[in-house]
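Listed below, chain by chain, are the residues.
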Amino acid sequence: MSTMTLTPVTRPAGGGVTALGRHSLALAQRSLIKTTRTPEALIDVTIQPVIFLLLFTYLFGGAIADGNRHAYLQFLLPGMLAQSVAMGGMALGQNLNADIEKGVFDRFRSLPISRAAPLVGAVLADVVRYLTVCVVMLGFGTIVMGFRVETGVVPTLAAVALSIAFGLCFCWISVWVGMLARSSGAVQGIMFLLVLPLSFGSDVYVRTDTLPEVVQSFVAVNPITPLVATIRGLLTGGPVAGPLTTTLIWMAGLLAVFVPLALRAYARRA
Amino acid sequence: MTTEDLVVRAEGLRKRFGKTQALDGVDLSMRRGTVLGVLGPNGAGKTTAVRVLATLLRPDSGSAFVAGVDVLRNPREVRRRVGLTGQYASVDEDLTGVQNLVLIGRLLDLSGRDARRRAGELLEWFDLTEAAQRPAKTYSGGMRRRLDLAASLVGRPEVIFLDEPTTGLDPAKREDMWGVVRTQVTSGASVLLTTQYLEEADALADEIVVVDHGRVIAHDTPDGLKRRVGGQTLRVRPSDPSRLPDVLRLLDAVAARGTSASLDEAAGSRPGAASVPVTGDEALGGLIPALRADRIEVTELALHLPSLDEVFHSLTGRRKADDLPDGTRAGDLPGPAKAEEMV
Numbered sequence: 001m002s003t004m005t006l007t008p009v010t011r012p013a014g015g016g017v018t019a020l021g022r023h024s025l026a027l028a029q030r031s032l033i034k035t036t037r038t039p040e041a042l043i044d045v046t047i048q049p050v051i052f053l054l055l056f057t058y059l060f061g062g063a064i065a066d067g068n069r070h071a072y073l074q075f076l077l078p079g080m081l082a083q084s085v086a087m088g089g090m091a092l093g094q095n096l097n098a099d100i101e102k103g104v105f106d107r108f109r110s111l112p113i114s115r116a117a118p119l120v121g122a123v124l125a126d127v128v129r130y131l132t133v134c135v136v137m138l139g140f141g142t143i144v145m146g147f148r149v150e151t152g153v154v155p156t157l158a159a160v161a162l163s164i165a166f167g168l169c170f171c172w173i174s175v176w177v178g179m180l181a182r183s184s185g186a187v188q189g190i191m192f193l194l195v196l197p198l199s200f201g202s203d204v205y206v207r208t209d210t211l212p213e214v215v216q217s218f219v220a221v222n223p224i225t226p227l228v229a230t231i232r233g234l235l236t237g238g239p240v241a242g243p244l245t246t247t248l249i250w251m252a253g254l255l256a257v258f259v260p261l262a263l264r265a266y267a268r269r270a
Numbered sequence: 001m002t003t004e005d006l007v008v009r010a011e012g013l014r015k016r017f018g019k020t021q022a023l024d025g026v027d028l029s030m031r032r033g034t035v036l037g038v039l040g041p042n043g044a045g046k047t048t049a050v051r052v053l054a055t056l057l058r059p060d061s062g063s064a065f066v067a068g069v070d071v072l073r074n075p076r077e078v079r080r081r082v083g084l085t086g087q088y089a090s091v092d093e094d095l096t097g098v099q100n101l102v103l104i105g106r107l108l109d110l111s112g113r114d115a116r117r118r119a120g121e122l123l124e125w126f127d128l129t130e131a132a133q134r135p136a137k138t139y140s141g142g143m144r145r146r147l148d149l150a151a152s153l154v155g156r157p158e159v160i161f162l163d164e165p166t167t168g169l170d171p172a173k174r175e176d177m178w179g180v181v182r183t184q185v186t187s188g189a190s191v192l193l194t195t196q197y198l199e200e201a202d203a204l205a206d207e208i209v210v211v212d213h214g215r216v217i218a219h220d221t222p223d224g225l226k227r228r229v230g231g232q233t234l235r236v237r238p239s240d241p242s243r244l245p246d247v248l249r250l251l252d253a254v255a256a257r258g259t260s261a262s263l264d265e266a267a268g269s270r271p272g273a274a275s276v277p278v279t280g281d282e283a284l285g286g287l288i289p290a291l292r293a294d295r296i297e298v299t300e301l302a303l304h305l306p307s308l309d310e311v312f313h314s315l316t317g318r319r320k321a322d323d324l325p326d327g328t329r330a331g332d333l334p335g336p337a338k339a340e341e342m343v
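Quick note, the sequences are listed as chains X and Y, same order. If you read the first sequence in full-length UniProt numbering, its first letter stands for residue 1, the second for the next number, and so on. If you read the second sequence in full-length UniProt numbering, its first letter stands for residue 1, the second for the next number, and so on.
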C-alpha cells in the first residue's frame, strides 16, 4: 500500500431540501446500477403485464365482451396500465428489506445525510420501472394486439405521466411494509394481500354494473378506480377532470399517510 | 489531561434491548490521535457502544461527545466527523469497488470529479485498483473488508470506529489491516476499535478498555493490563520424555524474573511437557538454538499469550472459557511439531 496523497475534501454548504434532493439522486443512481446488473428484476414490469394482457384479452375477453375482443382490449388496457403500475411498486419494498438485512444501510445511516434520502432515492429510481411498464404495455398493445389510442399524443403522455406519479405515491405502502416485515418474502406476501383486492376489486376487468352491490361499494372507494377512469379518459376518450381530481387527492393522501409511516419504521429499524 | 484532548467522551451510557441490558453505565474516554482498543467477549456490549457513539443508536440514558460534538443533540455533525466500519462489511455487492466509493463521496457532497479522484486514491492505497471495475460480490472476504474500510475513510474522518475489523480474516490479512490502522493514526486520526483478541489490542492500542456485561471493568495501557493478567507462557514437550530435566534447565534460562520452569502437572494437561512464564517473544529466540545445541527434539513448542480468558479471570475472578478464544501462537519448530491453532 503506497502513501496517500490528499485530494481536497470540499463540502459545499447547502442543506435542507437541496441536500436531500442531491443525496436522493445519488442513491437513485445506485438503485439503477443495481437494476442494470439484474435485468431479470424487470420481469414484473415487462413480461408479466404482457402475459396478463394476452391472458385476459384472448382467454376471457371473448366471454366477457360477448365475442368482441377488440372492444374488450380498448376497455382493458388502460385499466391494466393502472394496475400494473400499482403492482410494480411491490418489488421496491422487497428490495429495501433485503438491502437493510445486508448492512448497506448502516453505512448510509453513518453518513451526514437526511435519514429520508435512502428511501426517497429508491423510490425515485422506481420511475424507470413505471416508465418501462407504460412503454411495454402501450407498445405491445398497440403494435401487436391492435389497441388504438383514440385521443392524441398529449393525452397519452399525460396518461403515462399520471401513471408514473401515482406509482410513486402508491409505492410508499410497499416501502412501509418493507421496513416492517421481517423478511423480503413476507413483504411480497403482505403486498399481494393488499394489491390483489385493490386491482381486481375495481373496474379494470369488468364493468362495475355487473358486480354485486357490496363489491360495487368497494369499487367506489378503491383508489385504483378513479385512476383507471382518468387513464381511460386520457387514452380512449371520456371525462377526465372529475376522476383526475379524486386521483390527485388519493395521491396526496397516500403520501401524507405512508411517507411518515415508512420513515418512522425505517428509523426504528436501526 | 483536559477535556479538549478527549476526542471521545462518554458517561453513563445505558441501553436495553428487551430483557438484555446491553450497556449498563459505560464510561469511555479516548485521547486525540490515539488508538483505543475496546476488548470483550461476544455480547459484552462492544458493538452497541460503537453504534451509540457513531449515532446509529440512541442510548436510553447517558451522554457522549465525539470530536467535541454532542452525539445526542447533534448527530448529523458527528456523522461529518466520523467513519464507521461495522462487523459485517457494508459494501453494496452489486456495485463495483469504484462505484461504492464514488457513491459515498457523492453522499459526502464531494463534486463528481473529487469523488472519483478520492475513490481512485483509496482503491490504490488499499490495493484494490485491479478489482476496481468488478462488482463487490466477486471480492474475497479480505477485499470486501478493505473496501468497507476504504468507504469509511472517504470523508477523512477525525474519528474512525472499527467494529471487529479483523474477525474472520486470516493472519496475514489481519496484519495488513493493522498496518492500515497505524497509518490512519499517523495521519492524524483517532481510532476506536473493538476486538475479541487481546493480541490485536496489544498490537494496536495505546489504551485498552475491557468491557463485560455492558460495563467497563478495566481501562489501562496494554502493559498495565498485562501486568495485572500475568505474562506469556512458553511450553515445550520433548519427543523423548527422559530429556525433561534438560528442558527444565533450558527453560529456566529464559524464565521471567522471579519465576522458574515447572512440569505440566495440572489436571487435564497431558504429562511430558514443561512450561515457564516469559516476558516476551524474545524467549523463543533464545530457546530454539539452545534446544538444537543440546539435540533435544520436541513435539510441541508453543508460546501462549495471556488469553482473554485469563484477562477475565484476573479482572473478574471468574472463568468464561466456553465462548472465549485462546491467544496461542506456535513457534518456529524443529522436527515434528504440533502447532496449536491461532485464533
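Quick caveat, the hints were computed from the structure, so don't treat them as lab data. As the structure is a prediction and not an experimental result, all values here were calculated from the model. Just to be clear, a hint being listed does not mean it is correct.
[Claimed, not checked] Partner residues aside, some chain Y positions facing chain X, computed with beta carbon under 8 Å: (1) A54; (2) D94; (3) R106; (4) A151.
[As the list claims (entries may be wrong)] Below, in silico cross-link-like pairs of lysine-lysine (DSSO-like), each with a Cα-Cα straight-line distance of 30 Å or less: (5) K19/Y with K34/X; (6) K102/X with K19/Y; (7) K173/Y with K137/Y; (8) K102/X with K34/X; (9) K173/Y with K102/X; (10) K137/Y with K102/X.
Quick reminder that beta carbons are idealized off the backbone N, C-alpha and C, glycines included.
Item to complete: Please name the hints from earlier in the document that this structure breaks, with their numbers sorted from lowest to highest.
Response: Of the numbered hints, just 5 does not hold.
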